[in-house]
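Enquirer: Listed below, chain by chain, are the residues.
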Amino acid sequence: MPANTMSKAERDQSHARVFDLSQHTLRELNQALHKLTPGSNETAWEVLNPKGSHSVAVGVDQPVSIDVRGSVGYYCAGMNDGAAITVHGSAGPGVGENMMSGSIVIKGDASQYAGATGRGGLLVIEGNASSRCGISMKGIDIVVHGNIGHMSAFMAQSGNLVVLGDAGDALGDSIYEARLFVRGKVESLGADCIAKEMRPEHLELVQGLLDRAGVTGVKASEFKRYGSARKLYNFNIDNADAY
Amino acid sequence: MTYRNPPTTPRKSATFDDYTLSEIRRAAATGIYDIRGAGAKRKLPHFDDLLFLGASISRYPLEGYRERCDTSVVLGSRHARKPIELKIPITIAGMSFGSLSGPAKEALGRGATLSGTSTTTGDGGMTEEERGHSKTLVYQYLPSRYGMNPRDLRRADAIEVVVGQGAKPGGGGMLLGQKISDRVAEMRTLPKGIDQRSASRHPDWTGPDDLEIKILELREITDWEKPIYVKVGGARPYYDTALAVKAGADVVVVDGMQGGTAATQEVFIENVGQPTLACIRPAVQALQDLGMHRKVQLIVSGGIRNGADVAKALALGVDAVSIGTAALVALGDNDPRWEAEYNALGTTAGAYDDWHEGRDPAGITTQDPELMKRVDPIAAGRRLANYLKVMTLEAQTIARACGKNSLHNLEPEDLVALSIEAAAMAGVPLAGTNWIPGKNGF
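Those protein sequence lines, which keep their order, are chains A and B.
Letter by letter, the first sequence follows residues 1 to 243 in the numbering used here.
Letter by letter, the second sequence follows residues 1 to 442 in the numbering used here.
Extracted from the complex, chain B is given alone in its bound form:
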């Protein structure tokens, strides 16, 4: 019997992990970068790294379920003659018809309307489904200007000038040929079946001075009725917010890198832009420095999942949050009931992100007439409304525990951080200390 030296356990590289190796093999085989939907999937400092302190001897809680805790918010009070009044500070983010199916857009409108909040068009124009089923609809003004027309501009409740989005600050949209149905092609004035590369820059303005003039034009066309939002990706939140305010925005929307996209390069999603948590305090600071905090409203999006995230964002100075990915999940996206079909696509429920391919088993990110039948807009809208209700109740529960009779009375002093990184980004003390990294010279 021969003696074998004991072997070491096979060890995989932390640098060259399984995903990395698979990506190298995929790139070598295809010669094309990986395109996918959704936002950053890497682990990032996030709201999970913050905790509320709750009440104690120095803070009195409000009675849960009994004492009122206001959740309403008014957006666009700076210049618009008709600001938007929402019952909850959670809005539905812009997602295009084209990227999403008609029934999915309708469901978003229904769910938002049931909840007293707004939904938003996307890079494909306004559809009758969403206008008809959305009490409050924000109309996006995008670089591509697909479907843009003055009639829809006037029947919108607010206008969102999209400069960028968190998944790809500096990148344009992409809708691959397989999702370009006759209807999508017509709305975008392009031939059916070709790849649509939405522009990354607006065609008729560059820079903050031009933006100011562009906003003037939009206000003049709509007789100064509509709130005008400016949406930016989480790139330079302090300066972007300040410049948007200077350009005349009523509302600034800052979208962190966890915010989803219909499709872009994986390398872009994971390596460009800042996490949502890192964007909030600089944006709030810009508003405070300009004396415009609470006068120009701030909406933050990217990775908002529950009422705790909502409460934390508001405590950091945000006026409202916006959800996209979570709303799609509420509609039925990535539901394990379709696991066999996800497997057939080489993925699994919870990981499916090839939204650009248009084969979504859940019928949401597709233009396939058969697949989209799987979305019942009424039932899906109800699920979204339920989910929004839960988030709101959760946020109220936390606010009452902190002694606040309005979600907007939450403040940074209600929070501590679990990591030094989160403490520095959020500008709140590391738990158990009075240390805020970067403050007071430390």
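This is chain A alone, in the form it adopts within the complex:
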């Protein structure tokens, strides 16, 4: 339930520290979050009126929960390291960029570069993600309930991208060791990205990610796996046409 429709009693009951961005600055919010120390009692936070603000809850490094009531601009939850951040709205470009650990859930859609260069943790997008989802990902797990746009997982190095819907053009272009699982149609594959066999360990992996992302009624066996052909790992002039 969005905070602005909660009664006062309901809000008090939640014990969350409420931070209203119409009353306080972004800098105050982020600095308050950065001042948290291990063992802090302020484990639940609620951010009201984000109204598309950029850099909401960036660089948080404590295992707190943060509920953002509304849509956010660029780089929400950037470099998150341990927090569980939920955006009850849509997210602008670069949500969860370079996440280290923790989780981010976007209840709406995400713009381009979602999860860019993420190193760990779980990013769940319950709507669709735009282009370049998981670009240069380095260990993050991303689950998208809807579709993803073109050039997703470009130069993806490590981690897992699970897409329940379709993928746009040039999926996994110049991919390294990241694993991509798409349930729907893939418009086209990028350079050095190929379809691969779903082995038992991949079914287990996908099922685990679906469970963690709260997806029900979908089986791991419905997904196809894509990854690197590893033909471009060491430069060979005979492969130049592939670029």
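There is no bait here: all hints are sound.
PhoX-like, lysine-lysine: derived pairs with alpha carbons at most 25 angstroms apart:
{"id": "1", "chain 1": "A", "residue 1": "35", "chain 2": "B", "residue 2": "82"}
{"id": "2", "chain 1": "B", "residue 1": "82", "chain 2": "B", "residue 2": "295"}
{"id": "3", "chain 1": "B", "residue 1": "192", "chain 2": "A", "residue 2": "196"}
{"id": "4", "chain 1": "A", "residue 1": "107", "chain 2": "A", "residue 2": "185"}
Between beta-carbon pairs, the in silico distance windows are:
{"id": "5", "chain 1": "B", "residue 1": "343", "chain 2": "A", "residue 2": "235", "range": "22 to 28 angstroms"}
{"id": "6", "chain 1": "A", "residue 1": "194", "chain 2": "B", "residue 2": "294", "range": "51 to 57 angstroms"}
{"id": "7", "chain 1": "A", "residue 1": "211", "chain 2": "B", "residue 2": "193", "range": "32 to 38 angstroms"}
{"id": "8", "chain 1": "A", "residue 1": "40", "chain 2": "B", "residue 2": "42", "range": "58 to 64 angstroms"}
{"id": "9", "chain 1": "B", "residue 1": "289", "chain 2": "A", "residue 2": "208", "range": "53 to 59 angstroms"}
{"id": "10", "chain 1": "B", "residue 1": "206", "chain 2": "A", "residue 2": "236", "range": "28 to 34 angstroms"}
{"id": "11", "chain 1": "A", "residue 1": "239", "chain 2": "B", "residue 2": "17", "range": "31 to 37 angstroms"}
{"id": "12", "chain 1": "A", "residue 1": "49", "chain 2": "B", "residue 2": "294", "range": "36 to 42 angstroms"}
{"id": "13", "chain 1": "B", "residue 1": "238", "chain 2": "A", "residue 2": "203", "range": "53 to 59 angstroms"}
{"id": "14", "chain 1": "B", "residue 1": "294", "chain 2": "A", "residue 2": "229", "range": "50 to 56 angstroms"}
{"id": "15", "chain 1": "A", "residue 1": "229", "chain 2": "B", "residue 2": "151", "range": "32 to 38 angstroms"}
{"id": "16", "chain 1": "B", "residue 1": "19", "chain 2": "A", "residue 2": "235", "range": "21 to 27 angstroms"}
{"id": "17", "chain 1": "A", "residue 1": "214", "chain 2": "B", "residue 2": "155", "range": "35 to 41 angstroms"}
It is worth saying that the hints were derived from the structure and are not from the lab.
None of these values were measured; they are calculated from a predicted model.
Think of the CB as a built atom: it goes at the ideal place given N, C-alpha and C, for glycine as much as any other residue.
Guided by the hints, dock chain B onto chain A, whose structure is given.
Expert: Just chain B, lined up with the frame of chain A:
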């Protein structure tokens, strides 16, 4: 006895010179473009084409060795809560761990710290060696984001958003498989032994408006403490500087085409970008037009070799310079003591630039555990500090001769140019004339 007509002396083509011919043969044999390290090697208009006028009847000199000549500089005073204060206006440029060995990175940190200046990470993340041995460390934020993490971001003293570099404006990095040791691979989250093509574009922003938002994010993550630099290659210095300022940079770094790289295509190094000398005045002009000269600091790099280069850059309006290639030479790069080994690699001391191959006899541009033992970080750091001291003294000597009690009081009016090209680029008169090409309609 038969008479022979006198032959002409064999004449080689200026166009198809020996190097060109060798490159055609190399390309034909391998089918791969030439990759090398370092910056542009071609002859370019440079600081050598400028001269200081010194003092005369209308200018009083300061007494050498006695009267004070300030060399300090503050970087990042525009927005950062903790600007950087350096004792000398010469910093160490970004060079990656991976490209350089651990001992070489440590030596750079030690030398810079002894000299009261900063050193910079590179396209491979922050190592304990350099953080531990660098009092002031600038952490690069690169397109590849190798090794990027919020903890290192917070323990850096400044953050440098790298948009490009002088050796290859518009090009990404390259680290070939032979240099990818276990440690390098781990820091970059990639398999050992594969070629690493660092991206040429940032993954999560494009254009100046996005950059402004990206800088906001970095400031928010670091609680507005750290100065934020924006580094560009010498492409469009006027507009790049103006846009970096608009995006919120505290410091703009402009790297000319003589600035080195770990590895890229020879054709890129020699044919893309502008010489350092050509970049300075447009960058300064952009700051002046925005009313931000000396408020946003300008660092220039690419081919800085001695105190005269430092003084000339500062006279043209720069706040500090940065050195890379020269710092490596001070550590021991291309030292003739390894001549036999350079010969075995098909080159000679002073010309060795196959840094990407990882077989550097001097132990600097390598990840070979045996070769890197040749770098004693303490002794090499001391050499770098000595060299920085000499450069500083040289620059002070010139400044005092021009009557300046601070290096930053040097001005374009202290300079003349030896060539029309340099006069036009630097915006100072051709020696012996009052002619500045391009000024006043001429």
